[in-house]
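Q: Chains A and B are the protein sequences, given in the same order. For the first sequence, position 136 matches number 136 in the working numbering, and the numbering has no gaps at all. For the second sequence, position 215 matches number 400 in the working numbering, and the numbering has no gaps at all.
Simulated from the structure, these hints should not be mistaken for laboratory data. As the structure is a prediction and not an experimental result, all values here were calculated from the model. Do not take every clue at face value.
Said to hold, decoys possible - The calculated label-pair distances, taken between Cβ atoms and stated as ranges, are:
no., chain 1, residue 1, chain 2, residue 2, range
1, B, G514, A, L92, 52 to 62 angstroms
2, B, F501, A, H88, 49 to 59 angstroms
3, A, E84, B, G514, 55 to 65 angstroms
4, A, Q35, B, P634, 31 to 41 angstroms
5, B, P495, A, K86, 26 to 36 angstroms
6, B, F316, A, Q47, 36 to 46 angstroms
7, A, K86, B, A496, 26 to 36 angstroms
Unchecked claim - Listed below are several chain B residues computed to face chain A (Cβ distance under 7 angstroms; list not exhaustive):
no., residue
8, P372
9, I394
10, P426
11, I562
12, Q563
For every residue, glycine included, the Cβ atom is placed at its ideal position computed from N, Cα and C.
Now for the letters of each chain:
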Amino acid sequence: MREYRSENRQLLIRLGVAAVVMFGFGFALVPFYEQICAAAGINNLLQPDRVAVNGQVDETRTITIEFDANTHDLPWQFKPLQREIKVHPGQLVQIAYEVVNNRDYPVTGQAIPSYGPRVAGQHFRKLDCFCFSGQTMAANERRTMPVVFVVDTDLPAEVNTITLSYTFFEVAGTQATAPKVGGPG
Amino acid sequence: MAAVIPDHLHDHHHGPTGLMRWITTTNHKDIGTMYMIFSFIMFLSGGVMALTIRAELFQPGLQVVQPEFFNQLTSMHGLVMVFGAIMPAFVGFANWQIPLMIGASDMAFARMNNWSFWLLPPAALLLLGSFFVPGGAMAAGWTMYAPLSVQMGMGMDMAIFAVHIMGISSIMGAINIVVTVLNMRAPGMTMMKMPLFCWTWLITAYLLIAVMPVLAGAVTMVLTDRHFGTSFFNAAGGGDPVLYQHVFWFFGHPEVYIMILPAFGIISEIIPTFARKPLFGYASMVYATASIAILSFTVWAHHMFTTGMPAVGQLFFMYATMLIAVPTGVKVFNWVATMWRGSMTFETPMLWATGFIFVFTIGGFTGLICAIAPIDIQLQDTYYVVAHFHYVLVAGSLFALFAGAYYWLPKWTGHMADERLGKIHFWCSMVFFNITFFPMHFLGLAGMPRRIPDYALQFADFNALATIGAFGFGFSQLIFIVVVIKCVKGGEKAAARSWEGAQGLEWTVPSPAPHHTFEVPPVVK
Chain A
1 MREYRSENRQ LLIRLGVAAV VMFGFGFALV PFYEQICAAA GINNLLQPDR VAVNGQVDET
61 RTITIEFDAN THDLPWQFKP LQREIKVHPG QLVQIAYEVV NNRDYPVTGQ AIPSYGPRVA
121 GQHFRKLDCF CFSGQTMAAN ERRTMPVVFV VDTDLPAEVN TITLSYTFFE VAGTQATAPK
181 VGGPG
Chain B
186 MAAVIPDHLH DHHHGPTGLM RWITTTNHKD IGTMYMIFSF IMFLSGGVMA LTIRAELFQP
246 GLQVVQPEFF NQLTSMHGLV MVFGAIMPAF VGFANWQIPL MIGASDMAFA RMNNWSFWLL
306 PPAALLLLGS FFVPGGAMAA GWTMYAPLSV QMGMGMDMAI FAVHIMGISS IMGAINIVVT
366 VLNMRAPGMT MMKMPLFCWT WLITAYLLIA VMPVLAGAVT MVLTDRHFGT SFFNAAGGGD
426 PVLYQHVFWF FGHPEVYIMI LPAFGIISEI IPTFARKPLF GYASMVYATA SIAILSFTVW
486 AHHMFTTGMP AVGQLFFMYA TMLIAVPTGV KVFNWVATMW RGSMTFETPM LWATGFIFVF
546 TIGGFTGLIC AIAPIDIQLQ DTYYVVAHFH YVLVAGSLFA LFAGAYYWLP KWTGHMADER
606 LGKIHFWCSM VFFNITFFPM HFLGLAGMPR RIPDYALQFA DFNALATIGA FGFGFSQLIF
666 IVVVIKCVKG GEKAAARSWE GAQGLEWTVP SPAPHHTFEV PPVVK
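My request is simple: use the sequences and hints to build the entire structure.
A: Here it is, written out as structure tokens:
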């Protein structure tokens, strides 16, 4: 049995290294999936969308775009400057939201868009948006922030109204907050 | 029969006695026994949680527990059964049987083996203790999906650390098994002569080394998201909750095979013994096990068909999943072919093994149905899925564990187990298992969601039936305690070869197996 000692130890080290590598692999999956999502255009939250170059405007259709704004545990006033607008698919449009930081200290937030109906999301191309990066608001600052977008001409025919809804989340670690409430309920 | 004990098989034990003997032991048989006792205690605690869940679901409305506690119960039932009961039980079998089967004197790293086991009780205390902290135990489901797991109270942190500790324990156990199987075999015991239980455990151990660290990584990311301001899964910080599911199921799907491959090994030992024929298609069994293990890395996203995956992805994972049915089918075919024209007798282990093939195959077929993406979108998170995985985990892994326990109890204790009680245990388990879980297929097809403490009135009858079955099943397991205690205390003396048709090195040592065996390696022809 003794002659196996060093052989066993060697195999132990190799398998141990394999386990450590696999622990790293779990973390490597994070950038890996980021690349996959970027390549496949899935869940593209932080980059401008690509738009067809020879964008034709489809004047025969008129789509109503409704705007909505929410905050999540954030002491901000956040509202769209227009409740809704009417656009033609393919038309370049700019609208704006307004944010007020009610607190007397700076706060950083990140806006996440969502769309209703869900299928409209992939046809709603944002060229510029305050949601592409975190927004740091100075104490009591008021800011008007634009969104530039185009609605694809291949939007399904049954969609006549699109709701664009933003929710501002606080980016963790930028200020002391009350500890998270424990447990469900 | 075992009257002649060669002098190298001395039975005396050196070192501390009493409690310290068990804490400091490096003997693979002692450690195997401790693993099994631990896993049975965890099995009972997980069972109490399951019965509380079923009591709540006996009638529509809320009677027994509040929804928050119900969520804690479903989550902890899953974690406790997977990491506390099934996995340590198989490691216990590996500890007892692998050195005996390959003619080694002990596991390769006896002290690490001791540590692997003794990490488990603190982890279990951490897990079960989380019921008593503010906010209660982890309640995000056993999968601990973000973003819910990022929001829970400190019970979640305790669960995360428990998973870390249990993960380290299984990785060390797995490394030990790989080294033992590869380096410690007796002269002449070539790889392709190895008992199939050793083969399936070798492959399982590789799976463990590959995926347990990935789970550790996933829960570490949850932990840093919760406390250290990272945003792996926090959409507001640029993360993505779906990422958690991808990382988790990269672990989670091979984990399914970690819990069933050793069961295949046990069944492949028992069927030939009681059919009194060598295993049909030994080599194809080995290759089938290996291909199941490799394929298990390519199917993880079949747990995620409803996350908005592109159709190409759904098709790939659907076909890859259905491909696993081929090697699994080979195994079932080989077991049945082993029985074909064998001189079969149905002692308790054989009853469990035959029952295993019957019910496990039902679970396999419902797995195929769940694999079909368009059907799965309907069945996702319904009781159909609950029925499916209990058919493979209870009727699969657990029945195989009972089969193995009845099969090797004579070797472990030196006494034959009570056949009559064993058979009653089997038939009660078999009948009540099906009463519990078969109606869940219908509930799931009708759309009853899982993990919800209340349900619509039309589900009432099947739920009442399932609850009656669950209590019957739960109390049937107490028979097993009686059998084991009786078997340890006395009973018919077991011969070295306790079963007439049993083959393999473990049957060449006396029963009970002496404290030290194969200190001089046997020669396998």
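Q: Against which earlier hints does the structure fall short, listed by number upward?
A: Of the numbered hints given earlier, those the structure breaks are 2, 8, 10, 11 and 12, listed in rising order.
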